[in-house]
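Undergrad: Below, each chain spelled out in residue letters.
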Amino acid sequence: MSCELYQQQLSLLLDNELNIQDFPDLNKHLEQCSLCTKMYNDFQDIDEEYQKCSYPFPAPDITGQLVKCVAVSHSKRNMLPLIAAIFLAFVFGVLLTIAYGKVNSDTIYVVQPSDLEPNIDIIDQLVLYQQQKKWQKAKPLLKTLIRENEDSQILAIASFYLAQVYVQEKKFSHAIKVLSDFSKFTELNMIDQVDYNSFVSEHSDSTIFIKDALTLAKKLQSLVKYAEDKKLIKEQIKLLELLSKGKIF
Amino acid sequence: MDEWLIKRARSGDQEAFSMLVLRHQMFVVNICYQFLRVREDAEDTTQEVFIKLYRNSSQYQAQGKFRSYLAKIATNECLNRLRREKKMKTVRLEEYTHANVPPTKEENISPKLQEALDQLPTRQRLAFLMKIHGKACYESIASELECPVSAVGSLIFRARQTLQRKLKSSSEEQEASQ
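Chains as they are written, first to last, in the working numbering: chain A, 4 to 252; chain B, 8 to 185.
Hints listed in this document are in silico derivations from the structure and should not be mistaken for laboratory results. Misleading hints may appear alongside valid ones.
To be verified - Below, a list of computed lysine-lysine pairs in the BS3-like style, where the Cα atoms sit at most 30 Å apart:
hint, chain 1, residue 1, chain 2, residue 2
1, B, K79, A, K136
2, B, K72, A, K142
3, B, K175, A, K31
4, B, K79, A, K71
5, B, K72, A, K71
6, B, K142, A, K55
7, A, K180, A, K136
What the hints assert, rightly or not - From the derived model, a few chain B residues whose C-beta atoms are all more than 10 Å from chain A:
hint, residue
8, D9
9, I80
10, N87
11, L124
12, S147
13, C154
14, E182
15, A183
What the hints assert, rightly or not - Which stretches of chain B does chain A cover? Using the computed rule of at least three CB atoms under 8 Å from a CB of chain A, they are:
hint, segment
16, 20-26
17, 30-43
18, 56-62
19, 129-143
20, 159-170
Positions of the beta carbon are idealized from the N, C-alpha and C atoms, including for glycine.
Given the sequences, and given the hints that come with them, work out the whole structure.
TA: Given below as structure tokens:
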């Protein structure tokens with residue numbers, strides 16, 4: 004057997020994928036072959052070198068942001084028993100109603116926790132990107148939220164937020180399209196029914212993100228109502244330009 | 008110390024958590040940089056690693072070394088990121104090398120170890136890093152790289168062999184120049 008094949012076995016040995024007692028030839032070969040012994044030592048040194056290899060840049064300044072995120076997550080976790088209690092009370096109420104035959108059970112849709120969890124993760128991530136001013140990275144998440152969400156409040160916030168990103172990129176027609184799609188979904192006047200204040204209080208851990216989106220939502224409310232009318236698109240673009248120059252975004 | 012810090016952080020002690028981050032951030036960012044080869048991505052992923060550490064801290068058993076646990080999270084997060092990038096860019100994982108990313112100014116000053124690592128084929132590099140940092144078994148490396156288990160040993164061996172040659176020749180060059 005050639006040295007290269009023994010060396011391949013030595014690499015497996017280093018990874019605990021081979022028991023040397025099951026390979027007496029290897030042991031014998033190591034005793035005789037200085038080249039393979041050296042190679043084995045070199046492999047060990049290489050692994051150690053890469054494990055301790057130092058990062059070629061200064062230490063990242065991430066502690067502050069991380070502590071903020073963790074504080075948000077901690078407060079959210081403290082809310083869980085309360086949310087669970089409300090959820091159980093709701094389910095109990097629904098069951099009682101069904102039991103008394105007041106509602107047809109086919110019409111009831113109970114929101115499952117699994118429906119909510121992905122959104123919470125995405126919103127957490129968005130908060131992080133917003134703090135880091137990484138708009139480009141927020142974009143795909145916002146698009147996912149819009150595409151996969153039927154919750155009108157989350158949809159409203161995500162749409163306005165995405166419009167904000169587009170305006171920053173000076174892609175005004177994209178911004179209009181997002182707002183227009185949203186207005187179609189909400190049948191124009193839905194925006195008036197969105198209870199932002201209760202949304203903010205329910206999602207207090209994401210207030211930085213939501214407050215900005217809320218301000219934007221209010222500023223653009225009139226635009227959304229007319230976004231479908233193509234004749235007004237040029238006017239809206241002008242208005243969006245003016246709004247962005249006025250540092251509303 | 009780390010177990011105590013993580014317990015304190017879990018109960019809402021922010022100082023304990025920031026101390027934990029400060030103690031280990033260079034260790035984590037180093038692993039992420041070796042996988043991702045882009046400074047910004049490495050630092051973003053480092054943040055994600057610590058957030059994950061916090062969220063899953065109840066799962067941490069104080070039996071093993073804390074850094075090994077952290078290295079496993081870092082390895083998984085890097086692989087997740089590469090997978091996401093792959094999805095977004097619709098390129099295959101093996102085609103996703105740092106060569107696809109425009110080099111930044113800072114990357115020109117990488118040390119010889121990094122240079123040697125950069126020159127490895129992507130699958131060899133990932134298999135090697137998953138083994139030495141994530142302590143992953145060959146089965147999980149194989150499933151990650153979508154290759155037979157028998158090929159993993161060969162990938163890691165080739166990586167070690169190439170690194171050994173490159174580092175040897177670079178130290179010989181250095182000696183000759185002196």
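Undergrad: If a hint holds in the structure, say so; if it does not, say that too.
TA: Hints, verified against the model:
1. K79(B) with K136(A): Holds. K79(B) to K136(A) sits at ~29 Å (cutoff 30 Å).
2. K72(B) with K142(A): With Cα atoms ~38 Å apart, K72(B) and K142(A) exceed 30 Å; violated.
3. K175(B) with K31(A): This hinted pair holds, its Cα atoms lying about 26 Å apart.
4. K79(B) with K71(A): Judged against 30 Å, a Cα distance of about 24 Å means the pair holds.
5. K72(B) with K71(A): At roughly 27 Å apart (the allowed maximum being 30 Å), K71(A) and K72(B) satisfy the hint.
6. K142(B) with K55(A): 15 Å, holds
7. K180(A) with K136(A): Roughly 23 Å separates the two Cα atoms, so the pair holds.
8. D9: D9(B) clear of chain A: closest Cβ-Cβ about 16 Å, beyond 10 Å.
9. I80: 14 Å, holds
10. N87: 13 Å, holds
11. L124: 7 Å, violated
12. S147: At roughly 12 Å from the nearest Cβ of chain A, S147(B) sits farther out than 10 Å, so the non-interface label holds.
13. C154: The claim holds: C154(B) sits with its nearest Cβ about 15 Å from chain A, beyond 10 Å.
14. E182: 16 Å, holds
15. A183: 20 Å, holds
16. 20-26: holds (count 3)
17. 30-43: Satisfied; 6 residues make the cut.
18. 56-62: Answer holds; 4 residues pass the 8 Å Cβ test.
19. 129-143: holds (count 5)
20. 159-170: holds (count 7)
Taken one by one, the earlier hints fail for this structure at numbers 2 and 11, listed in ascending order.
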